[in-house]
Every structure is written in C-alpha cells, then in structure tokens.
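J.: Whole structure, please, built from the sequences with the hints as guidance.
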Amino acid sequence: MHHKRLIWQLYPSQLLITLAALLAFTWYGTSSIRSSQLNETAASLEARAHLVAGTVLGFLGHDDRAGLEDFCRQAGKASATRLTVIALDGKVLADSDEDPLRMENHNDRPEIIGAFAGKIVPSLRFSQTLQQNLMYVAIPLHNEGKRIGVLRTAIPVTAIDLALSAIYQKIVWGCLVVAVIAALVAWFIARRISKPLEQMRSGAERFARGDFAVRLREEGAEEVAILARALNEMATQLDIRIQTIVRQHSQLQAVFSSMVEGVITVDTEERILDVNQSGAQLLNVDPEKIKGKSILLAVRNTHLQNFVKNSLACASPIEGEFTSRMSADGQEKYFYAHGTRLQDRQGHIAGALIVLNDVTKLRRLESIRRDFVANVSHELKTPITSIEGFAETLLDGALDEPEDARRFVEIIGKQASRLHAIVEDLLALSRVEQEARREEIVLQELPVAEILQSAIQSCSSRVEEEDMTISLVCAEEITARINPALLEQAVVNLLDNAVKYSGKGSEIRVEAEKNANEVLIRISDNGVGIAPQDIPRIFERFYRVDKARSAKLGGTGLGLSIVKHIVAAHHGHITVESSPGKGSIFTINLPGSV
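According to our numbering, the sequence shown is numbered sequentially starting from 1.
Bear in mind the hints are in silico, worked out from the structure with no lab data behind them.
Be aware that one or more of the hints could be misleading.
[What the hints assert, rightly or not] Capping the alpha-carbon separation at 27 Å, the derived lysine-lysine pairs in BS3-like fashion look like this: (1) K582 - K564; (2) K500 - K564; (3) K309 - K293; (4) K119 - K195.
T.: See the structure below:
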C-alpha cells in the first residue's frame, strides 16, 4: 500500500479549505457588490423618473406630443438618461433616443407590466434598439387619480460593468495575494507539524541501522516531545543491549575462530550449523559452502559421520579417535574427537558439538621416535657387535696369526671410526637443535661466496679421488646473515652426498643467486636421484633411500637431518627436486639481507 507523507496530507487540505473560503468570499462579495450597484442604479432611475414625471404629465394633459418628444430628448440628453413615455396600450408616445413611430409595442416588457401593476420592477437586458445592455425602471403616470400611461427611465450598464470589473480585479488580486499568503502559512504550519515527525522517522531509521549516537530533539507539541523522549530512551536501551550482545558475540567469535581445535555444530537432523576455520582446514572443506548441508554430504568420512550420530544419541559426552585422508595433500591424518549434545532452554535436544584435535603430528612424532630409537639401536649395535666379535676372535687365538690379526684390528678400527662418526653427528645434531632453540646461534652479514669456496675446498680430496669436478657460480656481492661454520657444514654434507651418489667423472654444480627476498644456494648433481615417495622422508634421522648402498658408502644417515636443522637455525628452508637416474637439486633458501 502506498502511503502519502503527512505534509502532503495536511498541506493540500489546508490549502483547499483556504481556496474554497476565498472563492466563496469572492463570489459572495462580487454578487453583493453587483446587487448593490444595480439597486442603487434602479433607485437613481426611479428618482429621475419622479423628477420629470410632473412635466411629462403636463404635456400629456395638453396632448402636446411634439413638446413631449422635445422634452424627452432634452431631459434625456441633459441627464444621460433614456426617457420613454408609453401609453396604456403599450404604444410608445415619446423616446429620448429613438423615433417612437419605429418602436414596437412595449406591453410585454417586464418593467412596463410591473408599472401597470403598480410595482417598480427594475429590468436589465439587451436593447435591440440601442444594441447595448440597459437597466430599465418604469413608474405609472396618474392624472387626477387616473392612470394615463407609464414613464420609463433607462441608462446603459456599461459604466456599471466597468466599475464592477475594476472592483472585481481588485478583489481577484486581493484574493490571489491572500491565497499566496495562506499557502505559505499553510505550508509553514504543515511543515511545523510534520517536520518533527519526519525527524523522528529519520531517527528511527538510523536506530534501525544501529546508529544510536544521534538523539531526537524534544521540541514542538507536547505529544511530539513525549514521543521523541520515548524514542531517545528506547535508543539508549537498545544501544546498551546491542553493545552487550556485540561484545559477547565478538568474544565468542574470537574464541571460536582462534581455537586450534576444529569445532563443528550440527542440528538434530545432522545438518551443519557452523564450523570454525580450523575445522574447515582439518576437513579440507569450504566453511561457507557446507553450512546447512547434511554431514553425510558435506564430509565424506564414515568415522566422523558415525561419531556425529553417536554424539546426538548419547546423553553423556563421548570421545574417540579416527583416521582420515581428507587433507589437501592426500596424506592420512589422525583425529581425536570429543562430542556432546546441545540442549535448548526447555531442555530439548538442539544438536551436537564436535571438537576435533589433529593428532597427526603427535602420532608421527611417536612413530619417528620409535624409528629413531630403533635406528640408533641398529646403527650403534652394528659396529659394537662387529667390534665385540672381532675382539673375541682375537682373544680366541687370532693374535697368533699376524695377517688375520692385522685384518681384524683394521675392521675394529673402521667400525670404531664409524661409531665415532655416528656419535659426532648425533652430538652435532643435538647441539644445533639446542642452540637454535635457545637462539644462541650468532648470525652475521657475510659474503656467501667465501663459505661456498671453503666447503668445496673441504671436499676437494674426495672429489679428486672420484675424478669429479665441482663448478661454482656465485657473485661476490651476494651476502646473507649466516653462521659461517654451520652453513659450511651444511654445504659440505650436501656435497658429500652428491659425491657419494654420483658416478666417476660426474660434475657437481654449486650456484648462488639473490632475488628480492631470498638468497638461494643450489647444489646440483647428475647422480642416481631420489624416488618421489622417498623425498618427504630423506631429512629424517637415519632414513636411507638405499640402505645397502648407504651402508656400503659408510654414511651415518644423519647428514641431511643436520642440514635441515642448520638451515632452520638460519630461519630458512630447504627444498629438493629429484628424479631417479637424472640427479638431484638441493636448494637452500636463506632470508635476504635487510
């Protein structure tokens, strides 16, 4: 329904009433003035008729028609009045303006009929003789009590019309001025009434939009001021309540969004009501797209679906653990879930709250710890067993055979060296971890080229034995915040691996470059390469891609793990690109200098 504004309901009605009153006044005033003018004219004509009636009777008594006509012409001309004398039979005896012989019988004229009846009946009509509007007044003529005729006086009403027209113009202009003033006054009154209400409407709209800073002015009529005061009080109370609600909602939303745990709420129909960002990341879903959808359609994991169903069915909280492959990388994840039913104020079941904890890293750390213990035990057990076995062999009599004794002692020395290398690498790894954790590693802005040249020099003897070459490409101006000893050790470990897993005569490339944010150090070889499934684990401790080859080459299995921790201590990271049979590229990414 279309509603008009209050001002357009008040103003037209007030203006219409004012205009109607003005029109009525104008009509009544003009009518009264015209009637008054006509009455005055009629009275004047009657008086003129009585003034000349005696003279006319004298001419009629002597039957002097010629004298009567001359008198009518002279008197009519002198008084600007048309004088007409009519006999009882309606025949015109004399007229001041026309020849009586050419004039028709006047028995049917209203003023003549009135005069014969003894009444004064003014008549206003168009004269065919003079071709203009005239007012006629007729009086009876009596001689010795006997009616002998009628004397009629007439004057043109053109002067009256002109006078009335001037008066009408003044009245019309006055009414127009009054109408304009009345329109302005009506507009002012309507605005005065509607403006406070419009301000209240505008204020109510601002209140609806949540803007409670502006208050309505308490002015105008008492009822309007009371209404404005009530709206201001309502706005104050709404502002307090909304601020409380917003603050509580913000706190809850901040807690909900910042939780590391994934939180999912569902209704009794297992439709998802809400999910926080952590939950969406854990389940690898879009939180906005799955809201309102059933858990069966939104999350394709039967373990989670069953857990939600059990949470809705059980009155007490439940816990459970399940696995999933819903991560973006497709790797298996482990979740520990806690579920509890939600109830409304009446105690009815409203849904369920599911809290998910990603325990994948914990499970992997446990697995790494078990593997580490097993690997350390195995790595230490092998040389210790070998040393123990050959020592017992020597004690059992092998000392008496110089050749065997020498070979056994060399084996014992080799295994002792291996054991020493493992212990040294373990100590170095532990030292790097502890210093990085305590931030005790000192980083300096130094040229990278000197460190790379020193690392290459450290591996030169091994490279010459394998008939290999190492090329270095590094600009002298490239600098980074580094610990020279640790970075050199990392590069030496990578070069050592490149030498071990590349064939004789191979070329190893060491390159360094600087972009906008990082310094990149690449060690490339064309050796045996690494299978894709092994790349994610090569930096684990004691992990070997080819155990038989690694054992033959004498590695401890800790070199790449040490490299990873050294790079992390420099606040950088390391990446690998490799294909079996095509070689490998290890890239150390260090933060650029500020």
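J.: Hint by hint, work out which the structure violates, then give me just those numbers in ascending order.
T.: Hint check: 4 fails alone, others pass.
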